[in-house]
Amino acid sequence: MSKKEILRIVDLHKSFGDNEVLKGISLSLKQGETKVVIGTSGTGKSTMLNNINMLIPPDKGHIYLEDVDVTTTHDISRIRQQIGFVFQDFGLFDHLTAKGNIMIGLTKVKKMKKSEAEELAMFELERVGLQDFADSYPAQLSGGQKQRVGIARALAMQPKLILFDEPTSALDPELIGEVLTVMRDLAREGMTMLIVTHEMGFAKSVSDEIIFMENGKIVEQGPPEQLFNNPREERTKEFLFKLNELYGEGGA
Amino acid sequence: MADFFQLFMDSFPALMDGLGVTIMLTVISIILGTVLGIFLSLGKVYGSKIVSGVITVFIELIRGTPLLAQLFILYFGLPPYGIRLPALAVALIGFTINSGCYQAEYLRGSIQSVSSGQIRAALSIGMTKWQGIRYIVLPQALRRVIPSWTNEFIYLLKYTSLAYIIGAPEMMTQAKFIASRNYEFFKVYLIVALIYLVIVLFFTQLFKWLENKVKIPGFEYIR
Ligand SMILES: Nc1ncnc2c1ncn2[C@@H]1O[C@H](COP(=O)(O)OP(=O)(O)O)[C@@H](O)[C@H]1O
Ligand SMILES: [Mg+2]
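Same order as they appear, the protein sequences are chains A and B.
Position 40 of the first sequence, counting from 1, maps to 22 under this note's numbering, and the rest follow consecutively.
Position 173 of the second sequence, counting from 1, maps to 248 under this note's numbering, and the rest follow consecutively.
Just so you know, these hints were derived from the structure itself, not from any lab.
Any given hint could be a false lead.
Okay, derived cross-link-like pairs now, SDA-like style, lysine to any residue, Cα gap no bigger than 20 Å in a straight line [what the hints assert, rightly or not]: (1) A/Lys90 x B/Ile194; (2) B/Lys204 x A/Pro39; (3) B/Lys204 x A/Asp57.
Only chain A is shown next, with the shape it has when bound in the complex (with noise of 0.2 Å):
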């Protein structure tokens, strides 16, 4: 294989008290790779994501950001820095405008200049269609928005990776279509994305490989045309069948 491996995990475990909720996760993603996680709610895809940052760090188990053990690591910022995450509240910083809410990282975690950081945060808004509103605060921001906002704060700090937890989950129908374009535009330039998500439509159109889990173990995986018409699952099949009857056929 030609293409370097960004992201390995090795049998994640991870309890919450006795409810074990992850129960050996393995997954690895190339570079450049899109792959969309999809599951039944409470199954684990949060708590998977947040493990790989280790927001929350796992019971057991291994996760390799290229060649870093990410659960060993001694300097776990570093390694954060290099993994965007998109969350489904956006986690915008509510005192900082659109603009300052990309830079602060820049400045303060990656001890950029302030005029650099500034350069760099109009570049990231412009990729997100969102240059007229630099001066914004987060509170003057539709949905749609302020998840384009945080992309782009993901993207200014040049992640190798970036995870997206179902990143449309909180906008009103109307306002999906934006966040799924400017995504799109990301999977279609390389970047190496992990996305939990419903949105079927954008799921075929634009990932690498689907990965079905359930109560904490992955069911199935593989590449949209089949894991949708052929799936090999029993389980797998009752899933996209009840999706289907949950959010249709639809989906940008």
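Following the hints, put chain B with the ligands in place on chain A, whose structure we already have.
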């Protein structure tokens, strides 16, 4: 009315000296109290169980006992142990600790009202916990606590009059001194009360102005 005005003019210079001390006591205690309050509230919210427990006990102890008793302990209770502090220092320490404990409680509320999503986001871009507190949590928490500074200031300004009991030369001390010479107790204390009122109104407006100045556009505070 004419001699009330005369009395006002006569006692004004001495009262102004006292007022200077009163305002200095209030302003310094509120500033140092804020600094103390920040550390106490951070310790309470982010500290270990032990740290947070010790701070809670300390805060409850200070808030649960009369300020006057605290001043007496500092002023009369410490000298036998070889610690002799001037009245003004005692007043300053007492008011600072008091203000710090009350402010710690206000601040704790505002710190906890900054959404956990923002803290996770701060960590996710590589900030340390301390950077997240310094650059994300505190700037928002301090903005939210400004309205309670107004109350704090009013209480503290009036509480500083307690310092006269240990003889710190604040405004009440001066008033008592003037009145004990001319026996115009009612009028002198009326003048003092009016001066307090003017100061309170002035600072209330100042804090309102400050609150507006640092308001986050589009962000409606939930009170
Ligand atoms: N911080 C936590 N403490 C305790 N239980 C948690 C915590 N976070 C998640 N869980 C539990 O873990 C399970 C999986 O949650 P989550 O990873 O959020 O699922 P998903 O993202 O797939 O909906 C749920 O049962 C949830 O209640
Ligand atoms: Mg989730």
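**Message:** Can you confirm whether the C-alpha distance between A/Lys90 and B/Ile194 stays at or below 20 Å?
**Reply:** holds (15 Å)
**Request:** Take the C-alpha atoms of B/Lys204 and A/Pro39, compute the straight-line distance between them, and say whether it is at most 20 Å.
**Result:** Holds. B/Lys204 to A/Pro39 sits at ~15 Å (cutoff 20 Å).
**Request:** Take the C-alpha atoms of B/Lys204 and A/Asp57, compute the straight-line distance between them, and say whether it is at most 20 Å.
**Result:** With a Cα-Cα distance of about 13 Å, the restraint between B/Lys204 and A/Asp57 holds, given a limit of 20 Å.
Taken one by one, the earlier hints all hold for this structure without exception.
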